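Use the sequences and the hints to build the structure in full.
Letter by letter, the chains look like this.
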Amino acid sequence: MTSRGQQRRKARETGGTDMKKFYWVFGAVAVIGVVAVGYSVGSSTLGTAVTEPVNVEGLDDLERLVSLAQGVTKGDPNAPITIAEFADYQCPGCGAFALSVKPQVELAYVQSGKAKFIFYDFPLRGHPHAFLAARAARCAGDQDRFWEYQDALFRNQPSWSARTEVVGDFIDYAEATGLERESFEACLKSDRHADVVTANLELGNQLGISATPTIMVSKGGGMARRLNYFDFQSVQQAVDALLESSGSTGN
Amino acid sequence: MVIAVLSLVGFFIAFYLLAHTLGWTGPLVCGVGECSTVQSSRYAWVGPVPVSGIGLVGYLVLLGLSVLGIQPAWRSSGGVGVLLLGASTVGLAYSAYLTYLEAAVIRAWCQWCVMSAILATLIFLASLPEVGRMRRRSP
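Taken in sequence, the protein lines are chains A and B. Quick note on numbering that gives the first Met the number 0: the first sequence kicks off at 0 and runs consecutively. Quick note on numbering that gives the first Met the number 0: the second sequence kicks off at 0 and runs consecutively.
Please keep in mind that the hints were generated in silico from the structure rather than gathered at the bench. Take these hints with a grain of salt, some might be off.
What the hints assert, rightly or not - Short derived list, chain B residues pointing at chain A, Cβ under 10 Å:
{"id": "1", "residue": "Met0"}
{"id": "2", "residue": "Phe10"}
{"id": "3", "residue": "Phe14"}
{"id": "4", "residue": "Tyr15"}
{"id": "5", "residue": "Ala18"}
{"id": "6", "residue": "His19"}
{"id": "7", "residue": "Leu27"}
{"id": "8", "residue": "Val28"}
{"id": "9", "residue": "Cys29"}
{"id": "10", "residue": "Glu33"}
{"id": "11", "residue": "Cys34"}
{"id": "12", "residue": "Thr36"}
{"id": "13", "residue": "Thr98"}
{"id": "14", "residue": "Phe123"}
Stated by the list, open to error - What follows is a list of derived Cβ distance ranges for each label pair:
{"id": "15", "chain 1": "A", "residue 1": "Gln103", "chain 2": "B", "residue 2": "Ala102", "range": "25 to 35 Å"}
{"id": "16", "chain 1": "A", "residue 1": "Glu243", "chain 2": "B", "residue 2": "Tyr96", "range": "55 to 65 Å"}
{"id": "17", "chain 1": "B", "residue 1": "Val89", "chain 2": "A", "residue 2": "Asp143", "range": "52 to 62 Å"}
{"id": "18", "chain 1": "A", "residue 1": "Pro157", "chain 2": "B", "residue 2": "Trp73", "range": "54 to 64 Å"}
{"id": "19", "chain 1": "A", "residue 1": "Ala27", "chain 2": "B", "residue 2": "Pro128", "range": "19 to 29 Å"}
{"id": "20", "chain 1": "A", "residue 1": "Asn227", "chain 2": "B", "residue 2": "Ile53", "range": "41 to 51 Å"}
{"id": "21", "chain 1": "A", "residue 1": "Arg154", "chain 2": "B", "residue 2": "Tyr96", "range": "43 to 53 Å"}
Since the structure is predicted, the reported quantities are computational estimates derived from the model, not experimental observations. We put the CB at the ideal spot given by N, CA and C, even for glycine.
Following this line, the structure appears as structure tokens:
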């Protein structure tokens, strides 16, 4: 009997120690979890900003898709040649094209009225800030500063691209570009332009685009030629070939 | 006890994913894989209910049962153990289905979903001793 009683007492004591340990571990996990999730929710500056593609009805209908997708055009809308770019703001290749090749293209063809340049958003899935950046550029476009803001995004890409939170950076660039802060911030923290960016993304998907930047050159309503490379020489060769066929060259 | 701690970790993971789905957080912290691809896929929802919401409820049930099972009044009761084993089996099966979707259909991995699948497996393994207890209890 004594032996059994001792065993029971020992079991109770061991059980009590185990329960104490359990409550300590359980409490520690609970505190860490609450702090981590609370920090994640509390530190978000996004508010109700839409950061991912949205559901847009009718995108499976090609006619509706083409009417919903809208590129941003630079240059004479009636220029004979069209240079279209599908790009992602977080892709380093797109940054290189925007900062070193596009200025040459503008100088050689857009400013002289021989070609117009059209930019289409194509935020890639693996880039968490690309969709928000595309919306931010279009919010800047609401204040007629699309291209200036786009340059700022690409110029600062190495800085904001690696961050977890980018809203503050995007607002800073807006102010540096001369945008009115309050309306830009209101636009950024909403769903504005999410439908157009989503439609542009779907248009690119329908065209079979899988990498960025993708540059396409066309004349009039003719078939667009997709370039394999995105250096200035490739663009120059393609545009000059089309201009020669219509009787005027870029040089 | 182990199940209770694992369920609590799973609860926080599910809550974080749900908070993201509801727009309460910024982009998901995702060191490994493509969390945004998985979370924005149509498989992230079952009708109007986000999968993370289902996970949250699942982990809450497991948490509740496991905490109940270690209370002195319920420790000798077989009912809680049976329920726990059943719930962990359902959790494991659903996690296996979601892991299959990631691997074969979405073709992208989300580190939080993988962690949840690992937790579901561990919870199932931890609840297996219940089978032995059930056998001992049965005449």
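Evaluation of the interface hint that places B:Ala18 against chain A, nearest CB under 10 Å: holds, 5 Å
Could you say whether the range 43 to 53 Å given as a hint is met by the Cβ separation of A:Arg154 and B:Tyr96? With Cβ atoms ~46 Å apart, the hint holds.
Proposed interface contact between B:Phe14 and chain A, which counts if any beta carbon pair is under 10 Å: Given a least distance of 6 Å, the restraint on B:Phe14 holds.
Assuming the hint says 25 to 35 Å, is it satisfied by the Cβ distance from A:Gln103 to B:Ala102 or not? This hint is violated: roughly 45 Å between Cβ atoms.
Agreement of hint B:Met0 with chain A interface, Cβ distance less than 10 Å: OK, holds: B:Met0 within 10 Å of chain A, min 4 Å.
Are B:Cys34 and chain A close enough, Cβ to Cβ, to be under 10 Å, as the hint says? holds, 8 Å
Given hint B:Thr36 near chain A, where the shortest CB pair must fall under 10 Å: holds, 4 Å
Is the hint on B:Val28 kept, meaning its closest Cβ partner in chain A is under 10 Å away? holds, 7 Å
Any CB of chain A closer than 10 Å to the CB of B:His19? OK, holds: B:His19 within 10 Å of chain A, min 8 Å.
Could you check the hint for me, namely that A:Pro157 and B:Trp73 are 54 to 64 Å apart, CB to CB? Given about 58 Å between the Cβ atoms, the range holds.
Using the C-beta atoms of B:Val89 and A:Asp143, is the stated range 52 to 62 Å upheld? At 57 Å between Cβs, range holds.
Does the closest beta carbon of chain A sit nearer than 10 Å to the beta carbon of B:Phe123? Violated. Min distance 19 Å.
Going down the numbered hints, you'll see the structure goes against 13, 14, 15, while the others check out.
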